[in-house]
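Protein chains: 2
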Amino acid sequence: MAAFPLPPGSTIGVLGGGQLGRMLAEAASRLGFDVVVLERDADSPAGRVAVRTLVGAYDDPEALKALAEAADVVTYEFENVPAASLDALASLGVEVAPGPKALSAAQDRVDEKTFLGAHGVATVAFAGASTPAEAAAAVAKIGVPCLMKTRREGYDGKGQRWVEHVADAEAVFAALGGRPVIVEAPADFVRELSVIAARGRDGAIVAYPLAENHHEDGILRRTLAPAKASPALSEQAERIAAKVLAGLEYVGVVGIELFELTDGRLLVNEIAPRVHNTGHWTQDGCEVDQFEQHVRAVAGWPLAPARAIAQVEMLNLLGAEVDAWPKFAAEPESRLHLYGKREAKPGRKMGHVNRVKPLR
Amino acid sequence: MAAFPLPPGSTIGVLGGGQLGRMLAEAASRLGFDVVVLERDADSPAGRVAVRTLVGAYDDPEALKALAEAADVVTYEFENVPAASLDALASLGVEVAPGPKALSAAQDRVDEKTFLGAHGVATVAFAGASTPAEAAAAVAKIGVPCLMKTRREGYDGKGQRWVEHVADAEAVFAALGGRPVIVEAPADFVRELSVIAARGRDGAIVAYPLAENHHEDGILRRTLAPAKASPALSEQAERIAAKVLAGLEYVGVVGIELFELTDGRLLVNEIAPRVHNTGHWTQDGCEVDQFEQHVRAVAGWPLAPARAIAQVEMLNLLGAEVDAWPKFAAEPESRLHLYGKREAKPGRKMGHVNRVKPLR
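First to last, the protein sequences are chains A and B.
So the mapping is simple: my numbering equals the position in the first sequence, first residue as 1, plus 157.
So the mapping is simple: my numbering equals the position in the second sequence, first residue as 1, plus 157.
No lab work stands behind these hints, which were simulated from the structure alone.
Incorrect hints may appear among the rest.
Said to hold, decoys possible - Under the rule of at most 27 Å between Cα atoms (straight-line distance), these lysine-lysine pairs were calculated in the DSSO-like manner:
(1) 514(A) <-> 315(B)
(2) 258(A) <-> 222(A)
(3) 514(B) <-> 385(A)
(4) 315(B) <-> 258(B)
(5) 514(A) <-> 385(B)
(6) 258(A) <-> 306(A)
Computed from a predicted structure; not experimentally measured.
Start from the sequences and build out the full structure, keeping to the hints where you can.
Okay, structure coming up:
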């Protein structure tokens, strides 16, 4: 086992080679760390700024062994890493952060909401179901309309459907593949917010200011941050973040998606055990961004301040929208972040732009 | 020849694998570019965040050929690249920025000061010499004490000596290796300043606020920026930068070292045709740092604003000073930048820290 804090020159292993891994690698480079990526694609966005790519699946025993040998600590950019891979890395003597408790809570929507409830964090009403009959019972219990989602996997709006009538429950269950599901009551929210927070190996916690998020078809389009928020709302978000991070014995950055209700209460929608798209504004809006913060946490360094220094509007560039880069490059207030993806498939996250203004 | 502006996904070749190349690679990654490094050392600071290192000397024809094939544009982090290498790259059909005119002016101290004088930019009085007798004549002309420096090479205070007596001229000339030299009058300066500026492929110019620099034994220890400066002083620096950049038909970021005289005039001490140690403060003190600015310029993108958003004290971490990283990592106002160098030799630049305060 490596001794923490890891000195500069140590190697950070990253499971996953996408844009989050790339931006983690940029931050790790600034702090003098080397990065090794484990990824199926030999030519990935993160791999191109890493010392080395170990080409393999996240559950490839040989690749995991090579990663454990190369890395002083391992993290991930993607929550659907098999839990068994984290176990394998741990048994090979390398620490993984965030740890298995955080990963498993985030991988299963029923476990996630059960964990939150047990720690005094409010969510929408929910019920699990593993058979058509259970699905019908769950829908009857929660009421319609309600949302049926697969318990595991699914992101950016995939793997979920609305149920409008109790009689449709079994058909929707079948349409989602007949896999275990969660049935959720709709949240009567006025805004979608998120809080990006971090917990260090010493247990210290910092939370970035609230971000206001706008989704289309389940995909994040736009973040405004710091969001307009009363001190009470900000404190409520910080308390939620602290409960989640402490409850998961978390090390690293977490993204917590929130619903703000008409009465001012916040419900947790989802926990992402990693740096998060709604935290990209921190790159140009905060003294230290979520990527450096995550590297600091997993390396056992002290956390850095999470204060805002500017007002940011973050726009995701999806698919061919990235072709507008010359326009954004010419805007004095726009900071471009592009991911180096070779192909601009429709809906694919190709980059983002942070439009920066002085703090209001 | 590549067409400019280079789209994201293009490859930027960098001659040199040190910390400047590393920080250029970090910036290039943010903008979606790939980086290929040409460097003797297969395990260099820049190479570890590049797609690929071509291992070879800067004048290795095979390595230059491979670089020309891989890169859409080539730049350098080090001004002692052989001029013939730039010619070779140009003949292989790849654009190099900054161009040969800038490189040759910066490589020879007599050519540099002659260029400056021809463009109405003041320097200290100087004379060139290539033989012992010429050296004696040059010292007699300039007067003592004066500084004798090799015309070419030499950095961080190496390759230069003070001449206290006219009679010592030939001995100092011999001690400097009997190579061509420049003899310079001392500048009676009150401060050492620098201006970091950039020129785009469209001829647009931006200049960062003045930085105040403190050297010890010829090595930069500390930069304070933006420096306290009257509008007239800032304008004088901007005019100098504009003359230098236009005169050299420059593309990229330049570092111009200045002496501020008691009467308020600025003399140019030295031009570095690359990103510059006295510009490291821009990473945490400006909206867009010198590294992204350089990448934008060489890629033919529009330049970005060079405004300051914070007051910065930049400290170089030399040799074993880098061992104090835990102290800096724990300071809320300090942003660490470490270079990933394997060995902390005495005096070696291992990293820097930007201590950030609100703008005064």
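So which hints don't hold here, by number, going up?
-> Hint 1 is the one this structure does not satisfy, whereas the remaining hints hold.
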